[in-house]
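Trainee: With our numbering applied, the sequence shown covers 1 to 420.
Treat each hint with caution, since some may be false.
What the hints assert, rightly or not - Straight-line distance between alpha carbons at most 20 Å, and here's what the computed EDC-like set of lysine to aspartate or glutamate pairs gives:
1. Lys127 - Glu393
2. Lys282 - Glu393
3. Lys320 - Glu47
4. Lys282 - Glu383
5. Lys127 - Glu375
6. Lys320 - Asp82
FYI, nobody ran anything at the bench for these hints, they're computed from the structure.
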Amino acid sequence: MADGAIGLDEARARAFGMKLEDMNPGDPELFKANAFWPYFERLRNEEPVHWCRDSEFGPYWSVTRYNDIMAVDTNHGVFSSDAALGGITIRDARPDLRRPSFIAMDPPRHDQQRKAVSPIVSPANLKTMEPIIRERACQILDNLPVGEAFDWVDRVSVELTTQMLATLFDFPFEERRRLTRWSDVATTIPYPGGLVETEEARQVELMECLEVFTGLWNERVNRPPAGDLVSMMAHSDATRNMTPDEYLGNIILLIVGGNDTTRNSISGGVLALNQNPAEYDKLRANPGLIESMVPEIIRWQTPLAHMRRTALQDIELGGKTIRKGDKVVMWYVSGNRDERAIENPDAFIIDRERPRQHLSFGFGIHRCVGNRLAELQLKIVWEEILKRFCFVEVLEEPVRVRSSFVKGYETLRVRLHPAT
1 MADGAIGLDE
11 ARARAFGMKL
21 EDMNPGDPEL
31 FKANAFWPYF
41 ERLRNEEPVH
51 WCRDSEFGPY
61 WSVTRYNDIM
71 AVDTNHGVFS
81 SDAALGGITI
91 RDARPDLRRP
101 SFIAMDPPRH
111 DQQRKAVSPI
121 VSPANLKTME
131 PIIRERACQI
141 LDNLPVGEAF
151 DWVDRVSVEL
161 TTQMLATLFD
171 FPFEERRRLT
181 RWSDVATTIP
191 YPGGLVETEE
201 ARQVELMECL
211 EVFTGLWNER
221 VNRPPAGDLV
231 SMMAHSDATR
241 NMTPDEYLGN
251 IILLIVGGND
261 TTRNSISGGV
271 LALNQNPAEY
281 DKLRANPGLI
291 ESMVPEIIRW
301 QTPLAHMRRT
311 ALQDIELGGK
321 TIRKGDKVVM
331 WYVSGNRDER
341 AIENPDAFII
351 DRERPRQHLS
361 FGFGIHRCVG
371 NRLAELQLKI
381 VWEEILKRFC
391 FVEVLEEPVR
401 VRSSFVKGYE
411 TLRVRLHPAT
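Make the full structure from the sequences, and use the hints.
Mentor: What follows is the structure, given as structure tokens:
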């Protein structure tokens, strides 16, 4: 796989040339440059449970092999997601800004709040949503400029997922791009010249999000229960008495979960097929392979690079002693390339025998609640792409997000070739 800004050879030389104790695989610059792959390759082989003693996020453990990640992800009794302990990302929120949400809770509160919103992705509801998703995908694809360069991320990936989000929340449709903005702001790391430059600027925008969604809550709570996420939370015993911080935490979770993951997999699939033209040929010859290609895209992309836990007690993992209070980072992006668990994991193979053997949705009680909706959107968009275009041609290296949490794309320049 080609690396971006610094090149594969240089990335490998750096990764294999440093002392293991000096390695910081969570450096966002590595992800911006797509240069993190050899770091995880080395850690999987030489020190699969690795202690980073110093980073901009403080010290942390990296868990890089598939089976070790599964052991952490399925043991919520020892490895906590609680926001009060730091939450689910490598980056600790300031203590005064730690907002609980059901993904950043342990049982029993996690189970109760998750249950409040899970009907939105029930099989019956997905069946109802399928024609809506298809209609919108068709409309978006039919309005694209054939033969001209444009940004696939903005015109397709963001637009389709943001329209879906607006439907799930029953959010004002003409204002749906505010959801995209809040998602990006919520997950970015503030830095000069970045999406937001300071933590204070981020909080101003998140307070705007809370204000808007509080207005929606106040409308819905006084109406009969309806099928949107805000109404579900307003009328559920588990969520109707949330604090404003908790409500905002859950809103951000649902926006990010419904936006970043699917949108970056839609872009990542286009990139993967361009980097593997034989697979694109295979797909054109047999569109039925979309069924197995969709989970393979999600594995290959791994739209969330990691999840974090905090140890509640001392425990041994991979021959290392993790101490109570230590930060433990499960690198899904590494586990999805672990040859001990997945055959030929660096290859993009759209007809894999077991394409759903991947970590991208997590495991255990925090497994992604919307995984089937994500797969459905990808399946529909690729069915409609193949009807219209013989080739979605990537014109240049994508601009990647500067984040070791969201593994995504800012822009992906493409040109469409019509089906003959």
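Trainee: For each hint, tell me whether it holds in the structure or not.
Mentor: Verification of the hints:
1. Lys127 - Glu393: Distance ~32 Å between lysine 127 and glutamate 393 Cα, so the pair is violated.
2. Lys282 - Glu393: With Cα atoms ~16 Å apart, lysine 282 and glutamate 393 stay inside 20 Å; holds.
3. Lys320 - Glu47: It holds: about 10 Å lies between the C-alpha atoms, which stays within 20 Å.
4. Lys282 - Glu383: Satisfied, since the Cα-Cα distance of roughly 14 Å is no more than 20 Å.
5. Lys127 - Glu375: Since the Cα atoms of lysine 127 and glutamate 375 sit roughly 13 Å apart, the hinted pair holds (cutoff 20 Å).
6. Lys320 - Asp82: Violated - the C-alpha atoms of aspartate 82 and lysine 320 are around 23 Å apart, more than 20 Å.
Hint compliance for this structure: hints 1, 6 are broken, all remaining hints hold.
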